[in-house]
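**Student:** Residue numbers (the working numbering), protein chains in the order written: chain E, 66 to 184; chain B, 66 to 184; chain P, 66 to 184.
Calculated from the structure, these hints are not laboratory results.
This one's a predicted model, so the numbers in the text were calculated from it and none came from an experiment.
Any given hint could turn out to be false.
If several chains are the same, the list does not tell them apart, and a pair holds so long as it fits within one copy or across any two.
[Unchecked claim] Derived BS3-like pairs (lysine-lysine); straight-line CA-CA distance at most 27 Å: (1) K94 <-> K143; (2) K94 <-> K142; (3) K143 <-> K71; (4) K94 <-> K104; (5) K143 <-> K104; (6) K143 <-> K81.
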Amino acid sequence: MGKQLKVLFHVNEVEKWDTALGNITNLIKDVGRGEAEIKVVANGPSVAAFSDSSRLEVMSALAAEGAVFLACRNSLKKMCSGVDVCLTEESLPPFIKVVPAGITEIVRSQSEGFAYVKP
Amino acid sequence: MGKQLKVLFHVNEVEKWDTALGNITNLIKDVGRGEAEIKVVANGPSVAAFSDSSRLEVMSALAAEGAVFLACRNSLKKMCSGVDVCLTEESLPPFIKVVPAGITEIVRSQSEGFAYVKP
Amino acid sequence: MGKQLKVLFHVNEVEKWDTALGNITNLIKDVGRGEAEIKVVANGPSVAAFSDSSRLEVMSALAAEGAVFLACRNSLKKMCSGVDVCLTEESLPPFIKVVPAGITEIVRSQSEGFAYVKP
C-alpha cells in the first residue's frame, strides 16, 4: 500500500457541484476507499447546494466513504443577509461541518500537504 | 541553472483550452525549453478538444517542446455514452496519453511536487 | 503564533475579482494582519480591472494590509494589441508590480511553498 493521498476540493459556485461530486466519486473508485483523505470546502454561493436534497444524497453517500464536507460560515451568513434561501448551521445535515472561514481552511490544508483541486 | 519547475495544468472545460495553451506557450517562452516539466491533464468535457484539428496542432507543437498531454479515460468513455462526438483511445494522436482517472493523476502529481494551475 | 501561511490567488477573468477580493478580505480578517503572506497574480483579461477605480480602491486597502498585487506583462501587452483599453505599466498605481510572465510566478511560488487558490 502506497502513501495515502490527501486532497482538498474547492467548490465556490453552485454549478460546479456536479463536476466536483463526479470527480470525488471517480477518485474513490480509482484509488479505493480509504486510500485518499478527501476534504471538500464550499464557500461563496456554492453553499446554497446544501439545501438541495438530490445533491445532499450524493454528498451523504460520499461522506459515508470518508469524504469530509466543510461549509464556510462567512458564506452561510452572507446568504442569509440577502434574498436567497437562508441556511442556518443547525439546519445542515450532521455530516456537513462548519468552518469559520473556508478560505483559511483551503490555505492551511495545502500547508499540511493536501493537494488542491478546483473542479 | 536553477531547480527545474514542475507544473500540472488542469483543463476540464472546452472553453479553457485557449487560455491553457497560451499559458503553456508563455511559460516555455519565459523559462526556456527544458526548464519546466509540464503535464496537462484533461478531464470532463474538455477531452472533446482532442478532435479539434486546430487545437491539436498547437498541442502537438507544445508536446514537441516537452509538454505531456494526458486524457482521462473516464471522461473519454462518458463522451461516448452521450450524443457527443465519441473519441476512441485509438483515434487519439500518439502524443496524447490516456490515464485511467484524470483526477488521480492531478492529486498524485501534486504529492510529487507538481504545482497546480487551473486556467 | 503559528507558522505564517503563504498563499497565491490566481485571477485570470475580470468577473472573478470580486470573489478574489472578498476571499482575501476574509482571510486577513480570520487569521489576523501579518499572519499570511498574500500574493495576487493577475493574468489574461483580468488585468483590465487595474483600470477600474472602485476595484482599485479595495485592492489598495488590501495592499496596505500586506497583500502583493502582481500583473502579468504578457497580458498587459496583449490588451494593448486589441481594441480593449490599453494599460501601460506606467499608468498602474504604485502598489501593483509587473512580472514578466504571470504563469511563471504562479508555478515558482508554489515551488516555494505558497498555497494556490483559484477564486
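**Student:** If a hint holds in the structure, say so; if it doesn't, say that too.
**Tutor:** Now for the hints, and whether the structure bears them out:
For the identical chains of this complex, K94 and K143 are inter-copy neighbours only, at 15 Å across copies versus 35 Å inside a copy, given an alpha-carbon limit of 27 Å. Proximity of K94 to K142 under the C-alpha cut-off of 27 Å is restricted to the inter-copy arrangement: shortest distance 15 Å between copies versus 35 Å within a copy. Proximity of K143 and K71 under a CA criterion of 27 Å is satisfied inter-copy only: 26 Å between copies versus 30 Å inside one chain copy. With identical chains, the CA atoms of K94 and K104 are at most 27 Å apart both within one copy (16 Å) and between copies (23 Å).
Taking the shortest alpha-carbon separations for K143 and K104, both the intra-copy value of 22 Å and the inter-copy value of 25 Å come in at or below 27 Å. In this assembly of identical chains, K143 and K81 lie within 27 Å of each other by CA distance both inside one copy and across copies; the values are 19 Å within and 18 Å between.
Checked against the numbered hints listed earlier, the structure breaks none of them; every hint is satisfied.
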